[in-house]
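**Q** Guided by the hints, dock chain B onto chain A, whose structure is given.
Chain residues, written in single-letter form:
There are 2 protein chains.
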Amino acid sequence: MNKGHIDTSKPVAIVGAGLVGAGWAIAFARAGLAVRVYDANARIAEAAIPWATGQLRALHAHGLIDESPETVAGRLQMVDSLEAAISDAAYVQESVLERLDVKRKLMTDIDAVADADVIIGSSSSGMPASAFSCDLTISPRVIIAHPVNPPYLVPVVELVPSTQTVAETTAFVEKLMVGIGQSVVRVRKEIEGFVLNRLQAALLREAWALQRDGVASCEDIDKTVRDGLGWRWSFMGPFETIDLNAPEGVADYARRLGPLYYSIAKSRVDDGPWDPELIARVEHDRRQHLPADELAARRNWRDAKLMEFAARQVESGES
Amino acid sequence: MNKGHIDTSKPVAIVGAGLVGAGWAIAFARAGLAVRVYDANARIAEAAIPWATGQLRALHAHGLIDESPETVAGRLQMVDSLEAAISDAAYVQESVLERLDVKRKLMTDIDAVADADVIIGSSSSGMPASAFSCDLTISPRVIIAHPVNPPYLVPVVELVPSTQTVAETTAFVEKLMVGIGQSVVRVRKEIEGFVLNRLQAALLREAWALQRDGVASCEDIDKTVRDGLGWRWSFMGPFETIDLNAPEGVADYARRLGPLYYSIAKSRVDDGPWDPELIARVEHDRRQHLPADELAARRNWRDAKLMEFAARQVESGES
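Chains as they are written, first to last, in numbering that gives the first Met the number 0: chain A, 0 to 318; chain B, 0 to 318.
Hints in this document: simulated from the structure, not taken from any laboratory. Each hint should be verified, as a subset may be incorrect.
One copy or any two copies: either way a pair holds, since identical chains are not told apart in the list.
Said to hold, decoys possible - SDA-like cross-link-like pairs, simulated, lysine to any residue; straight-line CA separation at most 20 Å:
hint, residue 1, residue 2
1, LYS188, ASP284
2, LYS188, GLY213
3, LYS304, GLU218
4, LYS188, ASP270
5, LYS188, SER266
6, LYS265, SER124
7, LYS265, ALA208
8, LYS104, ASP251
9, LYS9, PHE171
10, LYS265, ARG211
11, LYS188, ARG267
12, LYS174, GLU218
13, LYS188, THR162
14, LYS304, SER315
15, LYS188, LYS265
16, LYS265, GLU191
17, LYS304, GLU314
18, LYS188, ALA208
19, LYS188, ASP134
This is chain A alone, in the form it adopts within the complex (with noise of 0.2 Å):
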């Protein structure tokens, strides 16, 4: 995952430095690049670098970063207002609350400081960035970069450019995304969820309605995923999946199993939201797997598991 130096002499620029903000500071440091911090609550300002570095020194242990976790860590530097943050940057990555009104009133301060070539990624994980960056000096720059977190260990970045958009912001940031390491996936239209959680989505809708019909538990729906369909798409994908699935390839297996998963398509109808008491026995069931004060703990093996995929992906040269 250390990619090397990427030939930029500007800094990057972070804003908004909570988990995913921090993570991606992570992401361009490791790769050489200066990257500069900057979040308007203080609490989360002054938390983000040494959480950086501590991350920093766990991905050394898993010999995921080559340079010592203080020569990254070096790298990245807090800053006390927006303007000081985006001055000069060629590329602002923003990781601010996941609110259209938060997302706006941010793009309209960029726009008021903002040299004339900066470049504007957003981490929007499902807003289409066209309900908040349009009509701006910036419009053209501004396109979504939606990671997974962390993006230092989950490689994916969804890049979804807005009505107004121009080819050269994408071309920009797919070549910077690449630089660092990360696989990017061109969204080419504008749509809720975009690709990775609309897809999440149709999963999970799944999952819970067979939860709160009795057919499985939250763990029994877990394992069928984790030793079983998790293993094929965690290095293939859904498609290449099925494509492998049929003697013929993907269209015979469309031939052969299409019928099936149609008619279970349309045996889920709209069925409404999560209601308060689907969610609070989703709740139980997940809490008897693992009790409440347990979950910063699991967290931590989470993290350590993505470090052992990622490098094993190192190892076995698919990074």
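**A** Structure of chain B alone, referenced to chain A:
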């Protein structure tokens, strides 16, 4: 994955020795059981043991069996009639063609020759047992035991009783499957596609719709899963993933993201079966990445990746 010998003095019978049946034969023989293999098609019958022996050599090369491939293969015995296969067997795993009339015919044939206490598992991947196993002497002793292919690598198996299956049958098959190292999912109500294929159907339906609508290519959708969603699902499953993705756990997550996911679900209405034109487009898209004459080689690559995956599960104590 080498689970040691199961305590049973009676053999297991494999009926239907295509890829799924021969895969089951490996899973049982590896665990130390004597396995009788039968297929009504002489060509398939002849190929089964040589193929299984080749797979056992690959498993040995990946450190997934301790015994020699020949020792394990020595537990496989080809027989030339249904009666010879199931006579005195403790358990029959049927993996004949996924068609209602074929499954029903086999059940009546088994009923005519079965001992009073033999237990029968069906590899049906989506048809509930009540559709083909009822109103026979053996009915209380028939249950769905649906594997992922290949069952000797991917551990999940769905157990789905019919309306006439007795609890002792479910308990017997669960114990047998756990004993040979499978991961058992209990499906508590009969539903088309069970849990595994319903989850896969939900994700595939969204994936095909995104491709059809020009939102993303097959390759970009595959990337979204294999470089993103699939990493966490391969060791956590969907419920644990979201449980760890909000500060207060799954209920917190549902309150934050439930409205987005419901909005996405509502936007995906019944849009008909995959029509021939769409199937042709997906086929074309896939063939750009994998020519038809490389499908077989890519399947070997997949199986090697699954063996690596299985070997790592053993190393990390997850299996």
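**Q** Evaluate each hint against the coordinates.
**A** Hint by hint, here is what the structure shows:
1. LYS188 to ASP284: Answer is between: at 18 Å across copies they meet the 20 Å cutoff, but 38 Å inside does not.
2. LYS188 to GLY213: between (37 Å within a copy, 7 Å between copies)
3. LYS304 to GLU218: within (19 Å within a copy, 26 Å between copies)
4. LYS188 to ASP270: between (27 Å within a copy, 19 Å between copies)
5. LYS188 to SER266: This pair counts as between: shortest inter-copy Cα distance 15 Å, intra-copy 28 Å.
6. LYS265 to SER124: Close across copies (18 Å), not inside one copy (28 Å); limit 20 Å.
7. LYS265 to ALA208: both (14 Å within a copy, 14 Å between copies)
8. LYS104 to ASP251: neither (51 Å within a copy, 26 Å between copies)
9. LYS9 to PHE171: within (14 Å within a copy, 66 Å between copies)
10. LYS265 to ARG211: Answer is both; intra-copy 18 Å and inter-copy 18 Å each pass.
11. LYS188 to ARG267: between (26 Å within a copy, 15 Å between copies)
12. LYS174 to GLU218: between (41 Å within a copy, 18 Å between copies)
13. LYS188 to THR162: Answer is within: at 9 Å inside a copy they meet the 20 Å cutoff, but 47 Å across does not.
14. LYS304 to SER315: both (16 Å within a copy, 10 Å between copies)
15. LYS188 to LYS265: For LYS188 and LYS265, the Cα distance is within 20 Å only across copies (18 Å; inside one copy 26 Å).
16. LYS265 to GLU191: between (22 Å within a copy, 11 Å between copies)
17. LYS304 to GLU314: For LYS304 and GLU314, both the intra-copy (15 Å) and inter-copy (13 Å) Cα distances are at most 20 Å.
18. LYS188 to ALA208: Only across copies: LYS188 and ALA208 sit 13 Å apart there, 29 Å inside one copy, limit 20 Å.
19. LYS188 to ASP134: Result: close within a single copy only, 19 Å intra versus 54 Å inter.
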